[in-house]
Amino acid sequence: MEQALARSAKGEAAAFEEIMQRHQSMVYSLCYHFLHDSYSAEEAAQDVFVRLYKNMSSIRSASHLVRWLRKVAYHRCIDEARRMPALPPVTLEYLEACPTENHPADPWLSQRLQLLVASLPEDSRMVVILRFQEDLDLPEIAETLEIPLNTVKSRLQRSLDILREKLGRYAGEVRK
Amino acid sequence: MNDLGSKLQAALRRKEAPADFAGKVMARLQPSSAGRLDSVFGFLRTRPVRWAAVGALACLVVIAIYIHDRREEKARVEGELARAQAMTALRIASAELNSTLAKAAKIQRDAPSQER
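These protein sequence lines are chains A and B, in that order.
Reading the first sequence from the start, the letters are residues 1 to 176 in the working numbering.
Reading the second sequence from the start, the letters are residues 1001 to 1116 in the working numbering.
One or more of the hints may lead you astray.
Lysine-lysine pairs mimicking DSBU-like chemistry, simulated, CA-CA at most 35 Å apart [to be verified]: (1) Lys71(A) <-> Lys1106(B); (2) Lys54(A) <-> Lys1106(B); (3) Lys54(A) <-> Lys166(A); (4) Lys1007(B) <-> Lys1024(B); (5) Lys166(A) <-> Lys71(A); (6) Lys71(A) <-> Lys54(A); (7) Lys1007(B) <-> Lys10(A); (8) Lys1106(B) <-> Lys153(A); (9) Lys71(A) <-> Lys153(A); (10) Lys1024(B) <-> Lys71(A); (11) Lys166(A) <-> Lys153(A); (12) Lys153(A) <-> Lys1103(B); (13) Lys10(A) <-> Lys71(A); (14) Lys1007(B) <-> Lys71(A); (15) Lys166(A) <-> Lys1007(B); (16) Lys10(A) <-> Lys54(A); (17) Lys1103(B) <-> Lys10(A); (18) Lys54(A) <-> Lys1103(B); (19) Lys166(A) <-> Lys1015(B).
Don't read these hints as lab results, they were simulated from the structure.
For clarity, every value in this text was computed on a predicted model and none was experimentally measured.
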């Protein structure tokens, strides 16, 4: 990867493409789970890599590259989310109407959770996504998003409380 | 990790990027000849240039209206001048005619006395 970085910084297109192939899934997933829209997510993810191409010379290492991609994806998603219409309130009826994917572990829950995560406040959403998609610990999230560690903790805790409450309400409604 | 955490991990698992994602990005990074022209003239589409073009167009419209008005004014003045000249010519002609008629009338008046 370090070699690909060096070659890409010199303008070698094949090296850049190699880097992109390695990280496109991460970037696209961050954008998709944030925006909950595949078209917008693809546009945003493409923009991240276009920006990377123009800034290759500033990337110092493979780990720096990953942090850079996550941070830029976050900012790009914030910009995109502000242009998109807001998601409708996540009600029981809306959850029932959402299509489900055949998920091996949770047949219906995964789609609902994705939607609930996408409905979290923007400043907390990426904290949750980085924690559970990328499996980052809290100091890593703080470093990536350039926010204080205590802010990360409070946003994550608040988000999990919201998700628990909404899932609990939904489960209660289903039991009725 | 608690139950919600593991559910979130499952729900937020990485998704594959759409087909030919890398190809689309590379296409954006390697402009075609149309794109090259676009990059050369792209500055024309910036906001300040657009506003300058609108301002220049507005000035041209004002100038065109002014020139049109000036031409119409000139034509009107020339028309007035021609009319005045025509009136003068008519007056002169009329005066000449009156003078001639007066002379003719005098000759006619004087003629019978000469014949006696």
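Here's how the hints hold up against the structure:
Proposed proximity of Lys71(A) and Lys1106(B) is contradicted: the alpha carbons are some 116 Å apart, above 35 Å. Taking the CA atoms of Lys54(A) and Lys1106(B), the gap is near 109 Å; set against the 35 Å cutoff, the hint is violated. Only pairs whose Cα atoms come within 35 Å are accepted, and Lys54(A) paired with Lys166(A) is rejected, the gap being roughly 42 Å. The straight-line distance between the Cα atoms of Lys1007(B) and Lys1024(B) is roughly 33 Å, inside the 35 Å bound, and the hint therefore holds.
For the hint pairing Lys166(A) with Lys71(A), the CA-to-CA distance comes to about 28 Å; that is within 35 Å, so the pair holds. Note on Lys71(A) and Lys54(A): the hinted pairing holds, with a Cα-Cα distance of about 16 Å set against a maximum of 35 Å. For a cut-off of 35 Å, the pair hint linking Lys1007(B) to Lys10(A) is broken: about 43 Å separates their Cα positions. Between Lys1106(B) and Lys153(A) the alpha-carbon distance is near 128 Å, which puts this suggested pair outside the 35 Å criterion.
About 18 Å separates the Cα atoms of Lys71(A) and Lys153(A), which keeps this hinted pair within 35 Å; it holds. In summary, the hint linking Lys1024(B) to Lys71(A) is supported, as the alpha carbons are separated by about 22 Å, within the 35 Å threshold. The suggested pairing of Lys166(A) with Lys153(A) holds, with an alpha-carbon distance near 20 Å, which does not exceed 35 Å. For the hint pairing Lys153(A) with Lys1103(B), the CA-to-CA distance comes to about 124 Å; that exceeds 35 Å, so the pair is violated.
Restraint check for Lys10(A) and Lys71(A): satisfied, since their Cα atoms lie roughly 23 Å apart, inside the 35 Å limit. Pair hint Lys1007(B) plus Lys71(A) holds up; C-alpha atoms about 25 Å apart against a cutoff of 35 Å. Using a Cα cut-off of 35 Å, the hinted pair Lys166(A) and Lys1007(B) holds, with the two alpha carbons roughly 14 Å apart. The hinted pair formed by Lys10(A) and Lys54(A) meets the criterion: a straight-line CA distance of about 11 Å does not exceed 35 Å.
Taking the CA atoms of Lys1103(B) and Lys10(A), the gap is near 111 Å; set against the 35 Å cutoff, the hint is violated. Among the hinted pairs, Lys54(A) with Lys1103(B) is inconsistent with the structure: their alpha-carbon atoms are about 104 Å apart, more than 35 Å. This hinted pair checks out: Lys166(A) and Lys1015(B) have alpha carbons roughly 24 Å apart, not beyond 35 Å.
The structure is inconsistent with the numbered hints 1, 2, 3, 7, 8, 12, 17, 18, although it conforms to all the rest.
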